[in-house]
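A.B. asks: Given next are the chains, with one letter for each unit.
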Amino acid sequence: GESVGLHLPTLSVQEGDNSIINCAYSNSASDYFIWYKQESGKGPQFIIDIRSNMDKRQGQRVTVLLNKTVKHLSLQIAATQPGDSAVYFCAENFNNAGNMLTFGGGTRLMVKP
Amino acid sequence: DAGVTQSPTHLIKTRGQQVTLRCSPKSGHDTVSWYQQALGQGPQFIFQYYEEEERQRGNFPDRFSGHQFPNYSSELNVNALLLGDSALYLCASSLAVAGEGNQPQHFGDGTRLSIL
Chain S
1 GESVGLHLPT
11 LSVQEGDNSI
21 INCAYSNSAS
31 DYFIWYKQES
41 GKGPQFIIDI
51 RSNMDKRQGQ
61 RVTVLLNKTV
71 KHLSLQIAAT
81 QPGDSAVYFC
91 AENFNNAGNM
101 LTFGGGTRLM
111 VKP
Chain G
1 DAGVTQSPTH
11 LIKTRGQQVT
21 LRCSPKSGHD
31 TVSWYQQALG
41 QGPQFIFQYY
51 EEEERQRGNF
61 PDRFSGHQFP
71 NYSSELNVNA
81 LLLGDSALYL
91 CASSLAVAGE
101 GNQPQHFGDG
111 TRLSIL
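So the protein lines, in turn, are chains S and G. First residue of the first sequence: 1, per the numbering used here; consecutive thereafter. First residue of the second sequence: 1, per the numbering used here; consecutive thereafter.
Source of the hints: derived by calculation from the structure; they are not laboratory data. Beta carbons are placed, not taken as given, at the ideal position from N, Cα and C, and that holds for glycine. Some hints here could point you the wrong way.
Unchecked claim - Some chain S residues close to chain G (C-beta under 7 Å, calculated; not the full set):
no.	residue
1	ASP17
2	PHE89
3	ASN93
4	PHE94
5	PHE103
6	GLY104
7	GLY105
Bound-form chain G, shown alone (with noise of 0.2 Å):
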């Protein structure tokens, strides 16, 4: 049961760049959610994608972007990169039950972006 994949696992980018970001969930997920995680410091909520919508998103400029596709992969894009985008970036999935209120969501090992 193959769990969340992310690629690439390291980027390296100048300021200006865009940058592109991928994900797959866990099998049976349908849900996906992205994460920015500074050295140091936990996780921050970016934005979430149910059935190929944002459904919610965290304090983020709109730089920030995604996409959700029909087989549940998701896209992280970022656009005029900062020095301070430098981060672990997280993918996580979970399933959306009707009726039974949040369900766990389970991460990959996420992408290190570094920005030079």
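Bound conformation, chain S alone (with noise of 0.2 Å):
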């Protein structure tokens, strides 16, 4: 498959550790986000979602953490397995603009055996 995220900041982390995956958002306006996954070949991924009036939601072995206050979104996966290789966007949206989505640059995770 082709290659996602050439030149990314690059996140390694050992099998089983929990990885933590930092996105500076732009617009103090934004009140919806998304985390998605894309792995080489494929289209991103939806991993979680949340609103402004939330501060953390929890998935099955991801969290998200929201602080308005500097405009910072973070993900944090649980016991990262091999398979949660991927490069990782944050995603924002603020209502006025319909749902039109402005992606952050990405990270790429790898997870070492």
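Combine the two chains into a complex, taking the hints into account.
C.D. replies: In structure tokens:
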């Protein structure tokens, strides 16, 4: 498959460790945020979302934290597995922009067995 | 439950030609958005279709146009292709829910367009 994110920031973690991927978003009026996972040759896969009236949301093995004061979003992955290796994108939206998503630059997560 | 499907998966064109890409949304979804993803970058919003009309448009020239059909499927057309149009074109679908704000967009695997 093709390679996504040839020159992206890279986070390398050991299998079984927890991973934290960070994202700074740009628009203080953004009220909806999504994390996507993109594997080589595939489209972005929805992981978890959070609205601006929340600070934290948990899914299966993942947690998203939102700090509106500093416009920061993070994705925590518990017990990281080799299958988690991919490029991760955060995306933001503000309701006045309809459902248009603005994506960050992405972070490559590499999981070492 | 079928997800978002796009066709073709790969396409090669030459400068000046025209191309049409196709997208079928996830079952139950009524809104389709198109994104362009250059190598090594995040997707960039092109436009969104709902109820067969373009509802929102990103910063793309009018060489980029689209259509949505009554069955919610969509096409992206690009005229007068330039070398810089080489990219992965992604379709995403979602369900518009009145009064509940934004809903997650689910993506297809894209069409890789190469311009020679």
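A.B. asks: Give a verdict on every hint.
C.D. replies: Okay, the hints, checked on the actual structure:
1. ASP17: violated (26 Å)
2. PHE89: Holds: closest Cβ of chain G sits about 5 Å from PHE89(S), inside 7 Å.
3. ASN93: holds (5 Å)
4. PHE94: violated (9 Å)
5. PHE103: holds (3 Å)
6. GLY104: This interface hint holds because 6 Å falls under the 7 Å limit.
7. GLY105: holds (6 Å)
Hint compliance for this structure: hints 1 and 4 are not met, and every other hint is.
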